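A.B. asks: Model the placement of chain P on the given structure of chain A, informed by the hints.
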Amino acid sequence: MEKLMAALKAQIIEQLNLQEVKPEEIGDDQPLFKDGLGLDSIDALELIVLLQQNYNIRIANPEQGPEIFRSVRTIAEFITAHQNKN
Amino acid sequence: MNIYIQGTGCVSPLETAAEGPFPVVVNPSYEGARLKVSDPDYKQWIDIKQIRRMSRIIKMGVAAAKLSLAEASVEMPDAIITGTAYGCLDDTGVFLTKMISQNEEMLTPTSFIQSTHNTVAGQIALMLNCHAYNNTFVHKGFSFESALLDSIMILKEGNSRHILMGAMDELTNHSFNIISRFNRFKKEPVTHTELLQSTTHGTVAGEGAACFVLGTEKSDSAMARLTGLTTSYKPGSTAEIAADIIAFLAVHEIAQEDIDLLITGRNGDVEGDTWYDHVERTLFPNQAVGCFKHLCGEYPTAASFGMWAGCKVLSSGQVPADVLFKGKAPEKIKKILIYNHYKETHHSLILLTGC
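Going down the list, the sequences are from chains A and P. With our numbering as the guide, the letters of the first sequence map in order to residues 1 to 86. With our numbering as the guide, the letters of the second sequence map in order to residues 87 to 441.
Hints in this document: simulated from the structure, not taken from any laboratory. Remember, predicted model here, so these are calculated numbers, not experimental data. Where is the CB? At the ideal position from N, CA and C, for every residue including glycine. Fair warning: there could be bad hints in the mix.
Some chain P residues close to chain A (C-beta under 7 Å, calculated; not the full set) [stated by the list, open to error]: (1) Arg138; (2) Met192; (3) Thr194; (4) Pro195; (5) Lys429.
Pulled out of the complex, with its shape left as it was, chain A reads as follows (with noise of 0.2 Å):
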């Protein structure tokens, strides 16, 4: 879990363009978005095609949106649980 959390992290870093933030700098469980790290509706797309690009994980109902992308742990815990799934 820990392997993967850092992965995202600078996964996330590339695909939004974070600069100046370092993977070091995000919290396990801090809030990606809103007063958190910030993003917003266009990064929440940017993330899902993260997602389908690096794990192949699409997500099939949008409501699961919020609570996938509250944290890099949650979306973790999302990607381990599909990868056990399968």
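C.D. replies: For chain P alone, kept in the frame of chain A given last:
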């Protein structure tokens, strides 16, 4: 009705984004036949959360816009009007490349959203929270002039006090390589001091953004009066453009002798420069001549840099040594005529008068 240029902002291959007089040209870095913008620290104008999504042309345009608004002490313009020939080329390239490489699947939104030509004007409006008239003109070598014409017409309607207008174009590796195939650029190495004397084919590629705040009041910051503008598409001969210039000056009740400084878009291309040679020789043989494309390179909206340079000359009362091409700089500069053409097809005349 008089139209005044109340503020200017420019991002170019020179250090034009810094305050102060015309930047001293040390040595513009010609990389092959290509002049790149000298990027200022954009974070001084743009929030870091917004800057991450912006490609270079958006940052250049926003910076030039903010500089011009600050110089004019205008917070909210009554219109935002831009001109660009190529638009947001870099993001367009990113999006199209991904479309091909990813088989039209899993395309990210950012580069698509920001690949349209009106992205810069839209971004400026978003940052200013400006809901006023917002328009972008995409007319190849007349993009800047079309935006300028629209600004003039809106001001003449009498309902607007300040208009933020400008032009911007960026050069990417892709666009440089593609345009190079048409033999538009020099094959041999050239420096900015040699370019204007060149006797070979082609020029140097360039890019940049220049913005202006136009208004009908002579504010404290007003540096010049925009007296006239006209365009001519594919004039038949050098004699025809010379006649156009005489007619243009006549409309504004100005004699050829009244022009203190002629600024041309001479770019070192032996064919294209014959237009300027003819005009200089036949219409303005005794006047000082300035040039600007050795400083910014050639691009479809380069006339905007020429107008920015003209404003700097009028506001300072001096012709920078790096701008002066021919003759002796006059002691007093009241009227400047800017004559530019793009690829010998899009010819434009801009008349500036000192305040």
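A.B. asks: Are the hints correct? Go through all of them and say.
C.D. replies: Verification of the supplied hints:
1. Arg138: holds, 4 Å
2. Met192: holds, 5 Å
3. Thr194: Nearest chain A Cβ about 5 Å off; hint holds.
4. Pro195: Holds: closest Cβ of chain A sits about 5 Å from P/Pro195, inside 7 Å.
5. Lys429: Constraint on P/Lys429 not satisfied, violated at 35 Å.
Of the numbered hints listed earlier, the single one contradicted by the structure is hint 5.
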